[in-house]
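S.K.: Following the hints, put chain B with the ligands in place on chain A, whose structure we already have.
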Amino acid sequence: MKSLEELKRIKEQTLKEMDLRQAKERGKVIVAMGTCGIAAGAKDALMAIIEELEKADIHDVKVVQSGCMGLCDKEPTVEVAMKDQPAVIYGDVNDANARRIVREHVQGGNVVADLVIKRENI
Amino acid sequence: MIRNQLLVCAGGACITSGEKSVKDVLVDELKKNGIEDEVQVIETGCMGACDLGPIVVVYPEGTFYQKVTVENAGLIVNEHLVKGRTVSELLYSEPTSEKKAQTSGDIPFYTRQVKRVLRNCGVIDPLSIEEYIARDGYFALGKALEMTPDDIIGVVLDSGLRGRGGAGFPTGLKWKATRAAQGSPKYVVCNGDEGDPGAFMDRSVLEGDPHSIIEAMAIAGYAIGAEQGYMYVRAEYPLAIERFEYAIGKAREYGFLGRNILGTSFSFDIEIRIGAGAFVCGEETALLRSIEGKRGTPSIKPPFPAQSGLWNKPTLINNVETYANIPQIITNGAEWFRSVGTAKSPGTKVFALAGMVQNTGLVEVPMGTTLRELVFDIGGGIPGGKKFKAAQTGGPSGGVITPDYLDMPIDYDTLKEIGTIMGSGGLIVLDETSCMVDVAKFYLGFTVDESCGKCTPCREGTRQMFHMMEQICDGKGKDGDIEKLTKLGKCIIDTSLCGLGQTAPNPVLSTIRFYEDEYRAHIYDKKCPAHVCKHLLTYSVTADKCVGCTACARQCSVHAITGEVKKVHVIDQSKCIKCGSCYEICRFGAIRKE
Ligand SMILES: Cc1cc2nc3c(=O)[nH]c(=O)nc-3n(C[C@H](O)[C@H](O)[C@H](O)COP(=O)(O)O)c2cc1C
Ligand code: SF4
Ligand code: SF4
Ligand code: SF4
Ligand code: FES
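As they're listed, the protein sequences go chains A and B. Note that the UniProt record's numbering numbers the first sequence so that position 118 is 118, with each residue one more than the last. Note that the UniProt record's numbering numbers the second sequence so that position 507 is 507, with each residue one more than the last.
Pulled out of the complex, with its shape left as it was, chain B reads as follows:
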């Protein structure tokens, strides 16, 4: 008889922070106490609050233990399970009130979320197809097979679901076009490339709830008339690949994949294709070439994949999170789906909250949620009492949201209006210590490296822009640079072949739009207002604060600081390499950085 279940988060972040050894301790301690038959240990996918990992939740109480270590994991068994005493030191405490949270229901990070895409993540054992079924899994496939393909497409159209891979194209229209296209066989492809460096929602779904994607792809296959599906995942996601592969095997065993699914004439199967992790391979035409075993370079659209995709056959390609919505739409209907979100962007969106924010991790909220709710209510605000400066969305293809737009409901269209994009859902919070020119340079550098080189505007243009950005950050910016960047950026957008080049200038254009004064300070005043760009900084000693303790002089690795004991020290600017060590070490606040 099982009296308790321990759910141990085995998502990527928790594994990195030591989940495996924590789990081993739990299992060992259960054995030592002779209660291994009464208490079950289950590993789940990501529970969302990744910076609190490793996380262990004890049921039926739902007690939420965080930052569990090898040293204190034993307490969960010896105290909680044997003696019935909650291990208070492992509970989460609210940073402001310091109130201890007993369950995840007491943590604001969780209570504000609406879990649809992530409804099974962290709740079920991803390796158990039975647990997926218990949560209504594969019932949508059963229902779909009793509908006509056109009816299914009708429901997806009515739901208003838009592609979560970035562009927000209506999913129903894509399905309709692929169904209507001439040619056979047709293919279903899932884009699990997830190239945005700040994003990991697709990985979490694949790791935490793989069957939801298998079910959705099978439904899509039936709807568009395909018998073969491909799951494209990047090689950097070995755990996602492993769990998805295992799930495919189970689905075949249970007859949800293979011939004559659920006793009908419909047959469908899925194969995994592993990508080498080039950003451009997330672009659909490049991705399809990569599946064919060719080099992943984009091609001109039209023709769209719906007309001519894999091996020139009609191909449906959707993102992981897009598919994750499908089974629930089929089960609960279009109206249900539209019951949250905005009129033009119904449903929820998963964001990967990161950067200068108290709580980081995966959050799923209704479309139309404001940035203020995301950053302050769910994210817990900016640590260290710093000021919120901006949020970057859409990764290397996106731009910034400024404090002026904190209360704007976030959806595909509102973001576009202010010059950024939803992208896949990476959301990086920046505080007053971030330099916007430096941030834009970082993303541009990423695209320069990832440009496939097929077309000149992207290959050469982004490189030129990057060079100018470097010059600006190094204090060599020239009058007219802002105008040049803007002009070149627009030209690259207009003339690049694929989405990579067409969006690469966005981070620069967006920061110029909202933070032109910062660019100007770099170019004309040779100052970095956020004190980030090294070459624009000067370190100097404030004479009346310096007590002559000599700490800085001893710290400086290039011997730029001179001075005698108990006398004011001086920094030789020609020797200083601006490493900041003296600034860090001076206990009297005598080193000035400006």
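So here's chain A without its partners, still in its complex pose:
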């Protein structure tokens, strides 16, 4: 280690690895991981969302898991709850749809209308 520049590089690099432990205030994406959800491929959706957020360099949105949301015929289901916005639940979230939801809704701010199965009342 010869310089502060090098120190900063290590900091940036490691912060990414510690990212899960930072406070994430802008919102959360909740993946339903009930038995039905897992059977329908919720795990793929979960990993796709995490990967896509990472690609888009988004670090202020939490990805968490929940139990079954009771919408079993539409599994995998994913809820996007951004701060100060009504929550939206998406159904049939496969790998590709999961990535669309991150890009269009979380990043772009536009609800992915064709995948919505439920919206929180405003």
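For the record, the hints were derived by calculation from the structure and aren't laboratory data. Remember, it's a predicted structure, so these values are computed and weren't measured experimentally. It cannot be assumed that every hint is accurate.
Claimed, not checked - With a Cα cut of at most 30 Å, we get these calculated BS3-like pairs of lysine-lysine: (1) LYS143/B <-> LYS16/A; (2) LYS143/B <-> LYS43/A; (3) LYS115/B <-> LYS24/A; (4) LYS578/B <-> LYS566/B; (5) LYS115/B <-> LYS28/A; (6) LYS32/B <-> LYS28/A; (7) LYS534/B <-> LYS83/A; (8) LYS28/A <-> LYS99/B; (9) LYS83/B <-> LYS55/A; (10) LYS534/B <-> LYS593/B; (11) LYS2/A <-> LYS250/B; (12) LYS593/B <-> LYS28/A; (13) LYS578/B <-> LYS118/A; (14) LYS566/B <-> LYS11/A; (15) LYS593/B <-> LYS8/A; (16) LYS74/A <-> LYS83/B; (17) LYS2/A <-> LYS176/B; (18) LYS20/B <-> LYS43/A; (19) LYS534/B <-> LYS16/A.
M.R.: Okay, now just chain B with the ligands, sitting in the frame of chain A:
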């Protein structure tokens, strides 16, 4: 791709309560479910709430699982991580409201704290220098090396930081004096002896955030003009020694220790010295002798270590917690440091909360926090609906804080005014079942054992005081004992050579000051009001409550109780050894203790 991180507390207390096997179960279960590449397990230093251990925190949710056992650790993986269901039985529930806390942010024990010294403890992997760097570690050293030594000392002076090892001496002044002292080489020493039997904050910092101390010692070396540092830790802290040793190796590898640090002309290195655990070796002059490989006995001050320390060279010696504040002071400035705490005692203080209190563990609060906040808001009050009686601070060198002072802001000066000391931060809560004479006797017994014997007032005086305390507790106290204890205590304070003897009478003098009536009850009425001192107790049977069940008679190991079935029983006082068994076993409340 990592989707979750499991932070497992690997502080001393959690390891004792079974952390290692819990961690093994977690790792096994992750493998069984084939998600070991998605979920990372990280061991941290102490998370503070030691009596809730072993603790596992799941991120990103921050879900706080407590008292995890080998039997139920698997649920965290199979329920939470696989099925997305919070394991409600492992959440902390508020004793009064029984509300379940999801994260540490929902637990009053945590929300009232201000984490500075402990900011990385329980948050980072202490074995990862990268994680320390990610939390701005070693940036303070970088910044310091671009400043002049005098500017650094100026910032430390302005911060108002005072030594956390007990006496509260202004740290900046010590640095200034050591820098100004004639002689070379100079040395930097860290006091990690932590001799107060109730304290473990230094151990937690060394175990949970070792690099913060290495960074601070390097900054100190640059500021006072030293190239060699010594870390003095007691042998009873093997984990602290192991992690600190590892951290030194990493710091050398990264070039934060060694020659030409960060490309400058400054060179500095640290060696660990292990102490055998004598209380007196925490006293700075004794500690320095011990590092030199000599017997750890104190010497008269002056000369102070700043003038003549290790091998008679100028030496800076500070406590672990003192150093832990330094990097942040350099990074954030003196003003930032002063933004919490009181005018004369800025910053925070870490306390080891223990004794008769709901939540025990390590707490860091602003200086000036009241005892009420510590004991009731953070500590959750006294268990079992008992009454708060006193808090003992400063360990064997300190004294008590009474209910009258519950709302007094705690800092170095206010504690001194009421006859106790801050000490290193041990805080033992006592409830109505504690006998203050017995408590004082306990601490005095500790110093009698730990006196190095070099000077007579401490060696003989404390022994005499202890003998009188024993007599009092045994019901053999005599008229005039209180006055004698006071006089002898003052004499020991005035004439002892080092801080050990100069403070040893404090627990007795402080309890006499606030609880003289309890001493009087022991001496004149031959009664222990708290029913602690065995020899002053009488057990007897209340005739109209006794149903003659014979349980007590069968329980009494010395056959002091006689009586027939369904008849009132009697205790033969000449045979009774006051073991209390009959009192415990009687289901009719017929045994009286007084
Ligand atoms: C009997 C005795 C025991 C002590 N034990 C410790 C100790 O365990 N840790 C400590 O830091 N200071 C201890 N001290 C205080 C040290 O002598 C010294 O004041 C301190 O290390 C200075 O560091 P500071 O200015 O950062 O507090 C003890 C003092 C006495 C008299
Ligand atoms: S005061 Fe006690 S511990 Fe200190 S030098 Fe004298 S005998 Fe030793
Ligand atoms: S246990 Fe209680 S009730 Fe039974 S004989 Fe003893 S004193 Fe009486
Ligand atoms: S206190 Fe112990 S020794 Fe005394 S009577 Fe009760 S059981 Fe027997
Ligand atoms: S050791 Fe785990 S919380 Fe203190």
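S.K.: Flag every earlier hint the structure violates by its number, smallest first.
M.R.: 2, 7, 12, 13, 14, 15, 19
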